[in-house]
Structures are given as C-alpha cells and as structure tokens.
Amino acid sequence: MSSRPLVLAVDLDGSGAHPAAWRAGSDAPDAVLDPAVLRRRVLAAENGGFTLVTLDDALTTTQATVSSGAVAARLDGVVRAAFVSQLTTRVGLAPRVDPRGAEPFHLAAQLASLDIASLGRAGWVVGDADQPGLADAIDRVVPELPADRELEVADVVRTVRRLWDSWEDDAVIKDVATGRYVDRDRIHDVAVTTPTFAVAGASITPRPPQGHVVVIAPDTVLDPATADVSLVGGADVAEVVERAVAARGAGAPRVLADVEVLLDADTSCAARLAALDADAEWTPTDALRFVGSPFGLLLLAEQLAEAVDGIRLHPAVVGTDLPVLTRFVLPRLFATRIARAPRLAQTLRGALDLPRPENVFTQEEAA
Amino acid sequence: MSASARPPDRDHPITRPTATVHLGVFFQGVNHHTVWSDPRSGSQTDFSSFRRLAETAERGLFDAFFLGEGLRLRETNGALHDLDVVGRPDAITQLSALAAVTSRIGLVATQNTTYNDPADLARRLASLDVLSGGRAAWNVVTTDNAWTGANFRRGGYLDHADRYVRAAEFVRAARAIWDSFADDAIATTTREPSWSRPGAITPVAFSGATVSTHVTPTVPRSPQGHPVIFQAGDSPAGRTFAAEHADVIFSSHGSDLDDALAFARDVRRRVAAAGRPRDDVKILPGTSFVLGDTEAEARELATWLVREQISGATALSILSHIWGEDLSQLDPDGPLPDHDPAPRELSRTRGTGAAQGDPAGLARRLRSHAEELGLSIREAVIATDRRPAFVGTPSSVADRLVRFVRTGAVDGFNVSPWLVPDGLDEVVDRLVPELQERAAYPTEYVGTTLREHLGLRSSRDVHGARDAIQRTVVGA
Ligand SMILES: Cc1cc2nc3c(=O)[nH]c(=O)nc-3n(C[C@H](O)[C@H](O)[C@H](O)COP(=O)(O)O)c2cc1C
Numbered sequence: 011m012s013s014r015p016l017v018l019a020v021d022l023d024g025s026g027a028h029p030a031a032w033r034a035g036s037d038a039p040d041a042v043l044d045p046a047v048l049r050r051r052v053l054a055a056e057n058g059g060f061t062l063v064t065l066d067d068a069l070t071t072t073q074a075t076v077s078s079g080a081v082a083a084r085l086d087g088v089v090r091a092a093f094v095s096q097l098t099t100r101v102g103l104a105p106r107v108d109p110r111g112a113e114p115f116h117l118a119a120q121l122a123s124l125d126i127a128s129l130g131r132a133g134w135v136v137g138d139a140d141q142p143g144l145a146d147a148i149d150r151v152v153p154e155l156p157a158d159r160e161l162e163v164a165d166v167v168r169t170v171r172r173l174w175d176s177w178e179d180d181a182v183i184k185d186v187a188t189g190r191y192v193d194r195d196r197i198h199d200v201a202v203t204t205p206t207f208a209v210a211g212a213s214i215t216p217r218p219p220q221g222h223v224v225v226i227a228p229d230t231v232l233d234p235a236t237a238d239v240s241l242v243g244g245a246d247v248a249e250v251v252e253r254a255v256a257a258r259g260a261g262a263p264r265v266l267a268d269v270e271v272l273l274d275a276d277t278s279c280a281a282r283l284a285a286l287d288a289d290a291e292w293t294p295t296d297a298l299r300f301v302g303s304p305f306g307l308l309l310l311a312e313q314l315a316e317a318v319d320g321i322r323l324h325p326a327v328v329g330t331d332l333p334v335l336t337r338f339v340l341p342r343l344f345a346t347r348i349a350r351a352p353r354l355a356q357t358l359r360g361a362l363d364l365p366r367p368e369n370v371f372t373q374e375e376a377a
Numbered sequence: 004m005s006a007s008a009r010p011p012d013r014d015h016p017i018t019r020p021t022a023t024v025h026l027g028v029f030f031q032g033v034n035h036h037t038v039w040s041d042p043r044s045g046s047q048t049d050f051s052s053f054r055r056l057a058e059t060a061e062r063g064l065f066d067a068f069f070l071g072e073g074l075r076l077r078e079t080n081g082a083l084h085d086l087d088v089v090g091r092p093d094a095i096t097q098l099s100a101l102a103a104v105t106s107r108i109g110l111v112a113t114q115n116t117t118y119n120d121p122a123d124l125a126r127r128l129a130s131l132d133v134l135s136g137g138r139a140a141w142n143v144v145t146t147d148n149a150w151t152g153a154n155f156r157r158g159g160y161l162d163h164a165d166r167y168v169r170a171a172e173f174v175r176a177a178r179a180i181w182d183s184f185a186d187d188a189i190a191t192t193t194r195e196p197s198w199s200r201p202g203a204i205t206p207v208a209f210s211g212a213t214v215s216t217h218v219t220p221t222v223p224r225s226p227q228g229h230p231v232i233f234q235a236g237d238s239p240a241g242r243t244f245a246a247e248h249a250d251v252i253f254s255s256h257g258s259d260l261d262d263a264l265a266f267a268r269d270v271r272r273r274v275a276a277a278g279r280p281r282d283d284v285k286i287l288p289g290t291s292f293v294l295g296d297t298e299a300e301a302r303e304l305a306t307w308l309v310r311e312q313i314s315g316a317t318a319l320s321i322l323s324h325i326w327g328e329d330l331s332q333l334d335p336d337g338p339l340p341d342h343d344p345a346p347r348e349l350s351r352t353r354g355t356g357a358a359q360g361d362p363a364g365l366a367r368r369l370r371s372h373a374e375e376l377g378l379s380i381r382e383a384v385i386a387t388d389r390r391p392a393f394v395g396t397p398s399s400v401a402d403r404l405v406r407f408v409r410t411g412a413v414d415g416f417n418v419s420p421w422l423v424p425d426g427l428d429e430v431v432d433r434l435v436p437e438l439q440e441r442a443a444y445p446t447e448y449v450g451t452t453l454r455e456h457l458g459l460r461s462s463r464d465v466h467g468a469r470d471a472i473q474r475t476v477v478g479a
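As you go down the protein sequences, you meet chains A and B in turn. As numbered in this note's numbering, residues 11 to 377 make up the first sequence, in order. As numbered in this note's numbering, residues 4 to 479 make up the second sequence, in order.
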C-alpha cells in the first residue's frame with residue numbers, strides 16, 4: 011500500500027468530460043480553441059496544486075466528435091502542451107498521442123522538445139483509441155486486431171524510448187581544441203525493426219532533461235511494467251482497487267486512478283447532471299465516475315489512497331468543476347496530507363518520485 | 004565586386020522606389036556557419052536561446068522566425084558528422100512554445116512532404132496557426148533519399164523524380180483540410196442546436212498519385228485563413244512548384260545582385276505562367292550580415308569569421324565528403340590531395356548542408372583556386388565556401404539591402420545570425436534603424452498575422468484566383 015501522499019492530475023481537454031459540457035459553462039462555444047482560455051485553465055490547475063495536466067487528443071475525429079451536436083474541433087495536443095509550457099512553471103504537461111497514428115521518429119522529437127522547452131515537465135499519455143477511418147486518413151495499413159494493436163503500441167513506446175536514449179546526456183562536448191561539437195561515440199543509431207516499421211538512426215533532438223519523458227498509459231493499452239505510470243479505471247471503487255493491485259503486481263512503477271467528476275456547484279450535482287444529460291447522453295467510459303459533493307470526493311480520495319499513487323480527475327465541465335476542485339477539494343487534500351502539490355523547479359519525474367532512467371545504450375556498453 | 008564598377012542605374016534600374024525590406028530570422032541549427040566555439044556563444048539547445056532570438060527579432064519588427072529541419076543526423080563517409088552544431092527541436096513543437104511568449108512575429112516551420120502525412124502535418128500546422136492567432140507558416144521541403152527514409156514507416160519509397168508530385172498533392176490536400184471549416188461553422192451561443200452548423204465542416208477526400216486521405220478535419224481556419232506557404236529548393240521543378248503553390252520562396256540567391264535578379268526573373272516568369280500576378284510570390288533569400296563601425300573593421304571581422312566557420316577540421320571534413328574517403332589525416336595547411344575523387348554522384352544522403360553535385364567539378368574548382376593563388380586546403384575551402392553576403396557598416400549594408408529590394412531582385416532576407424543567442428542584437432539595434440531612416444522598413448507592425456506582415460493576399464483570394472484560372476483552362 012502506498013505510503014506517499016497522492017499526486018493529482020487533471021485532464022483539461024475541450025470543455026469537459028461530459029459531451030454537453032460546451033453548453034454548460036459561461037464560455038462561448040469556440041472557447042475550446044481559444045489560447046487565452048487554455049492558458050487560464052492550465053494556470054488555474056497549476057495554481058490549485060495539480061501535479062499534472064493531461065490533454066486528450068486524437069488525430070482524427072473520434073466517436074465523441076462525430077456524434078451530432080458535440081464539439082467537433084480540437085487542436086493538436088503536443089502543440090497545446092508546448093504552448094502552455096511557457097506560461098507555467100511547476101505543472102507537468104502530458105498530451106495524449108496514439109501510437110498507431112504517429113511516426114515514432116517525429117513523436118520522439120516532439121516530446122523531447124516539449125521536455126526541453128518545459129525544463130523537464132513533459133509526459134506522454136499513450137492512447138490507443140478506436141479511431142474509425144484512421145487508416146483512410148493516413149493512407150496506410152494500421153494494425154486492427156487486438157493482439158496486433160497491443161504489439162504496435164509496445165513497439166512504438168520502445169522505439170520512442172530508444173530514440174530518447176540515442177543521445178547520451180553529455181553528447182554535446184563543445185571541444186574547442188579538436189573542433190568537435192559532439193562526441194560521436196555518445197550518439198547511437200537506434201536500429202529498431204518491427205513488423206510494421208523500422209527506424210535506423212539517432213534522434214534529431216538531444217536526450218530530454220528527464221532522460222525519458224514520463225510515459226503514462228492505461229493498463230488496458232500498455233503492459234504496466236513498461237509504462238512509468240499506469241492508469242486504471244473501473245465501474246466501482248472495488249474494481250479500481252483490484253486493477254491497481256494487478257498493475258502494481260505486474261510491475262507498474264506508479265498507478266493513477268482515472269476518475270470523472272461532477273460536483274455540487276451553484277446548483278446541486280444532481281440538477282447539473284440532469285440538465286447535461288437532457289442534452290446529450292454521458293455514456294460510461296473506463297474511468298470511475300463520481301457525481302457528488304466536494305466532501306464526498308475527499309472521502310473517495312481517501313479510499314483510493316490505499317491503492318494508488320494518484321488520481322487523474324476528468325471534470326465533467328471544466329469551467330464549472332475545475333474551480334470547485336481547486337477551491338474546495340485540493341486545499342483539503344493538501345491540508346490533511348492525503349495529497350501533495352509539486353515543488354518549485356521539480357521535474358515531472360521528481361514530482362512523481364520516479365527515478366531518471368538510465369540510458370539503454372550506456373547500459374549495453376557497460377554490459 | 005564588379006557590380007560597383009558599373010553605372011548602377013542602367014544595369015539595375017530601381018523599379019520599386021518605395022518598396023520596403025522584409026526581414027526574417029533563420030535559426031540555422033545544423034550547419035557550419037554558427038560559431039559555437041566562441042566564448043560569447045550560448046546553448047544551441049536550450050529553449051532560452053530560441054526565445055531570446057525570437058524576442059529580439061520581434062523587437063526589430065521582423066516578419067518571421069524560421070526553423071530548419073533535417074530528418075537524419077548528417078554523416079561524413081558513414082561516421083556521424085561531429086564538427087558542427089547538431090541536435091535541434093521539432094520545429095512545430097518549438098514554435099508552439101514560442102507562440103506563447105511572442106505576439107506578432109510569424110512562426111515558420113520547415114517540414115518535409117515526403118516523410119509526413121497530410122492529415123497529421125496539416126493538423127499540427129493549423130493548430131499552431133490558431134494558437135498563435137494567425138502567425139504560422141510552413142516551409143515545404145522535399146528531401147526524399149532512402150537514407151533519410153530509413154527513419155520512417157514508409158522507408159525510401161519515393162523516387163527522386165516524384166518528390167514534387169507528392170509535394171504538390173500534399174499541399175493541395177493540406178489546403179483542403181485547412182479550408183474544411185466554413186468561417187461560420189461554430190455556434191456563437193450555447194443555445195444553438197449543435198456545436199457546429201450541420202454541413203459546415205466538409206469531410207476531405209483527396210486522392211492523387213502519391214497522396215490519399217479521407218478525413219474529417221478538426222481544426223478551423225485561423226485569423227489569416229491558413230498557414231503561409233514557404234518553399235525552399237532550387238531545382239527547376241522546385242521553382243515551378245513554388246510558382247504554383249507557394250507564397251514565399253526561401254532562396255539561396257541573395258548575395259550577388261545580378262544573380263538575384265536573374266533568379267527573380269526566372270521565378271516571376273514561372274509565377275506568371277502559373278496564372279498568378281508576377282509579384283504574388285515573395286522572394287526572401289537566406290543571408291548573413293557582418294557589421295562594423297568602419298568598412299575596414301567589418302572586412303576584418305568577416306575574415307576572422309570565415310576562419311572560425313571553416314576550421315582545419317571542417318575543411319578536411321568537406322574535402323573528405325567530396326573525395327568520398329577519409330582525408331582527416333591530411334594537413335589542412337598543406338596542399339590538396341594529388342589524386343582526383345572517384346567519379347560518382349554526390350548525393351544528398353548526408354542531409355542538407357553538404358556539398359552537392361559532381362565531385363570532380365567541385366575538386367576542379369578547389370584546385371584551380373589553390374593553384375592560382377597558392378592556397379592551402381583550408382584556404383581553398385574557405386575561398387569556395389558561402390561567405391557572409393553583406394559586410395560593411397550598418398549604413399552601407401542598409402544601402403545595399405534597399406537596392407536589392409528596390410531593383411526587384413528580392414523582397415527581403417532571412418538572416419542567419421552566426422552567434423546564438425545574441426547574434427541578432429546588432430542587426431536590430433543598428434541596421435534596422437538605418438533602414439527605417441531610408442523609409443525602407445516599417446516602424447511598427449501594421450497587422451497581427453504573418454500574411455499581413457508579408458503583404459500577401461488573403462488565402463481565400465489566392466484559391467479563388469486559382470479556381471478561376473482552372474475554370475478558364477478547362478473552358479478554353
Ligand atoms: C535556402 C534553402 C534552405 C533549405 N533548408 C532546408 C531545410 O531546413 N531542411 C531540408 O530538409 N531541406 C532544406 N533545403 C533543401 C531543399 O528542401 C531541397 O533542396 C529540396 O528538398 C529538394 O529540392 P530541389 O531538388 O528542388 O533542390 C533548403 C534549400 C534552400 C535553397
């Protein structure tokens with residue numbers, strides 16, 4: 011059981027986890043595209059003490075965005091994360107990218123660049139959403155069978171990690187005497203071959219400050235042992251706990267529970283939920299769903315603290331539930347030491363108590 | 004230079020007496036012209052270096068901040084090239100971060116059409132464009148070799164001859180993706196029946212010889228419509244591609260006025276042939292400045308600079324590349340090798356920046372310089388390398404820049420500072436005021452988008468004009 015206080019993460023994609031969220035807040039419908047709104051929300055999360063902001067994303071439209079009436083626009087997650095990296099100083103930033111839609115070579119450079127720009131606050135939420143039409147959008151075969159999908163996700167994660175390691179930390183030597191900017195012996199070809207792709211050379215971007223960007227993945231998507239953080243959900247607390255125990259048993263370094271929240275605000279949670287549901291159905295997801303009072307959420311957090319290292323909250327309506335969280339929930343969690351906020355100048359790894367990974371190439375050399 | 008000996012007015016008439024100079028900054032990254040070894044030089048990787056240059060450029064009212072790209076680390080004869088700055092950020096990610104700390108300057112990402120997918124790249128560029136309030140641009144490059152391809156899912160799948168076929172299809176697909184949202188697609192109040200007006204988002208179905216995509220895009224148009232298109236590539240096919248598809252050409256013809264004018268004539272002919280107004284494509288060559296308080300001081304600084312840029316080791320590395328063998332044991336202050344390089348095509352396989360073309364010809368050029376003037380290896384390489392284009396006092400350089408622009412040779416320049424991150428300070432503090440005194444440079448940003456800074460037509464007009472042309476052609 012966990013001895014550390016919980017870390018708290020929040021997903022700030024779009025207008026909220028409920029499909030009718032865009033109607034509920036005070037923001038105009040196009041606020042989901044507004045840089046000022048993005049900035050305001052991420053700053054609110056940082057100031058409230060969240061350790062991590064995740065930004066959900068998909069290359070193509072997903073079921074949520076094609077269903078009639080819902081928000082049909084969304085900016086690229088890595089782009090959004092990089093933008094807010096300069097407006098924040100403590101909070102971790104993790105865009106979601108689905109491996110099947112990505113070029114591992116580009117992805118490694120993008121995430122390393124995010125880590126460099128944010129001074130070590132980057133994470134990567136590894137997704138594997140059902141994206142109908144993904145293959146048509148990117149004009150290539152994408153693995154569809156469950157076993158092939160699993161393999162593809164694992165291969166992309168492994169390749170991206172190798173690309174981060176392809177530069178040793180001290181590869182830039184700036185040796186004026188010999189005129190060498192880098193030591194070529196400290197930069198390595200990744201030489202990966204998988205059933206669906208191969209990558210030959212080293213990354214174009216040096217090793218990021220954290221060594222590896224924090225790899226965050228649902229337990230259903232990636233073997234918990236190869237993630238840095240496993241995300242677990244479940245229909246009820248018992249199932250979340252069971253999956254957390256299983257992920258830990260499988261070697262997950264850290265486990266976070268995914269929890270959707272709809273809280274009492276100016277109106278009661280029940281009234282809010284009824285109004286939202288009247289407009290669009292909130293279909294169940296893999297996350298645990300909590301509809302209730304801030305106090306109820308505190309009790310839930312206390313319960314979960316027995317089994318997980320942290321909680322990722324998905325506000326039903328960001329504009330409404332985020333302020334309730336930062337005003338009424340987080341301060342109590344911090345005061346009672348159930349949870350903790352990140353310290354200044356901490357990397358995301360530091361805030362998660364994760365070690366900085368050793369470089370696979372130096373390990374190979376040493377062996 | 005011979006140009007100064009001729010009566011300038013007859014050979015180079017001023018055709019645009021009120022034209023102003025556009026400036027962009029090209030953060031070179033990988034190249035041998037950035038002097039990383041100088042004590043004044045900072046990190047080539049830290050975000051703060053990029054931020055400092057972008058902020059200086061914005062203070063100087065530059066139109067754009069520009070990042071290059073290379074998708075495999077360069078090699079010389081199979082070994083990683085270790086003498087130059089190497090390692091750089093992903094351009095769109097870096098520019099997205101810079102978008103948050105700047106407010107007016109354009110943000111140009113060099114991105115390859117061969118090793119990207121339109122659905123993904125167009126979306127990332129459009130996202131940057133929306134977040135920056137209409138300041139994004141895409142510099143289209145087409146490097147296609149299998150050596151680079153080995154880093155990507157498709158490998159070296161594309162023939163060199165087809166690189167611009169794909170580039171053109173790619174840009175057309177990207178435009179379709181960018182234009183898929185009607186300008187009034189999104190609900191204006193939360194009481195409307197749905198978030199987007201039914202039918203206002205057009206699914207894109209593009210099918211060409213090399214590009215195929217079926218996608219419902221997720222990013223609306225930005226204040227400038229969609230990203231500005233730059234093109235860099237000098238082959239006839241590259242120039243034709245630019246004439247048909249680009250807003251801006253990033254050229255390498257900006258040091259010699261005759262050469263720049265010849266290039267501009269060629270481009271304008273192609274632009275007209277594509278059915279566009281002759282000045283529709285702006286020409287912004289890459290360049291660098293060496294400024295001094297006196298002409299003599301600037302020349303002295305330039306002499307120092309080229310020796311910093313071409314160290315003995317760099318000269319031998321360039322030689323090894325041309326000869327296709329390891330010549331690093333030669334004395335750079337000694338004579339060129341006696342034997343000729345083996346005949347073969349010097350491919351682009353080291354990425355950009357390396358000498359290209361026919362090794363025998365390159366070797367002959369080096370040898371003739373060396374023999375004529377009694378030069379060592381290093382001196383001969385220096386004599387044939389790209390030199391700083393504009394050397395002089397801020398006043399004399401300003402005069403020359405204005406001449407380049409007002410004769411119609413170029414529309415402005417993309418400046419590469421040879422020192423990072425402070426190399427732009429002098430340009431902004433000393434050269435820009437000289438240009439402003441000549442009424443050849445703005446004194447404030449007139450608009451907020453890159454398209455406005457560059458004086459480009461709105462993206463809708465461009466498409467509209469092209470559609471009209473296509474209809475005429477079909478009708479004829
Ligand atoms: C001024 C200039 C800058 C360039 N910068 C890049 C670059 O950053 N990355 C890249 O891959 N290619 C770059 N290129 C190379 C061209 O993209 C390359 O020549 C092109 O892809 C092949 O086109 P071409 O055969 O028409 O020259 C540049 C070319 C020029 C002229």
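Source of the hints: derived by calculation from the structure; they are not laboratory data. Fair warning: there could be bad hints in the mix.
[Claimed, not checked] Covered stretches of chain A, going by a simulated chain B footprint (3 or more residues, C-beta under 8 Å):
1. 130-142
2. 191-203
[What the hints assert, rightly or not] EDC-like cross-link-like pairs, simulated, lysine to aspartate or glutamate; straight-line CA separation at most 20 Å:
3. A/Lys184 - A/Asp195
4. A/Lys184 - B/Glu455
5. A/Lys184 - B/Asp425
6. A/Lys184 - B/Asp269
7. B/Lys285 - B/Asp237
8. A/Lys184 - B/Asp162
9. B/Lys285 - B/Glu455
10. B/Lys285 - B/Glu311
11. A/Lys184 - B/Asp237
Note that beta-carbon positions come from the ideal geometry of N, C-alpha and C, so glycine has one too.
Hints and how they fare:
With 0 residues carrying a beta carbon less than 8 Å from a beta carbon of chain B, the region 130-142 of chain A misses the three-residue requirement, and the given coverage is violated. Residues of the region 191-203 of chain A with a Cβ under 8 Å from some Cβ of chain B number 5, which satisfies the need for three, so the listed coverage holds. For the proposed pair A/Lys184 and A/Asp195, the alpha carbon gap of about 14 Å is at most 20 Å, so the pair holds. Our distance criterion of 20 Å between C-alpha atoms is broken by A/Lys184 and B/Glu455, whose separation comes to about 41 Å.
Simply put, A/Lys184 and B/Asp425 have alpha-carbon atoms about 18 Å apart, close enough for the 20 Å limit, and the pair holds. A distance of roughly 42 Å separates the Cα atoms of A/Lys184 and B/Asp269; the hinted pair therefore is violated under the 20 Å criterion. Distance check on the hinted pair: B/Lys285 and B/Asp237 sit about 15 Å apart at the alpha-carbon level, within 20 Å; holds. A distance of roughly 38 Å separates the Cα atoms of A/Lys184 and B/Asp162; the hinted pair therefore is violated under the 20 Å criterion.
The hinted pair formed by B/Lys285 and B/Glu455 meets the criterion: a straight-line CA distance of about 13 Å does not exceed 20 Å. Annotation: proposed proximity of B/Lys285 to B/Glu311 is violated, straight-line Cα distance about 33 Å (limit 20 Å). With a C-alpha separation of about 33 Å, the suggested pairing of A/Lys184 with B/Asp237 is violated against the 20 Å cut-off.
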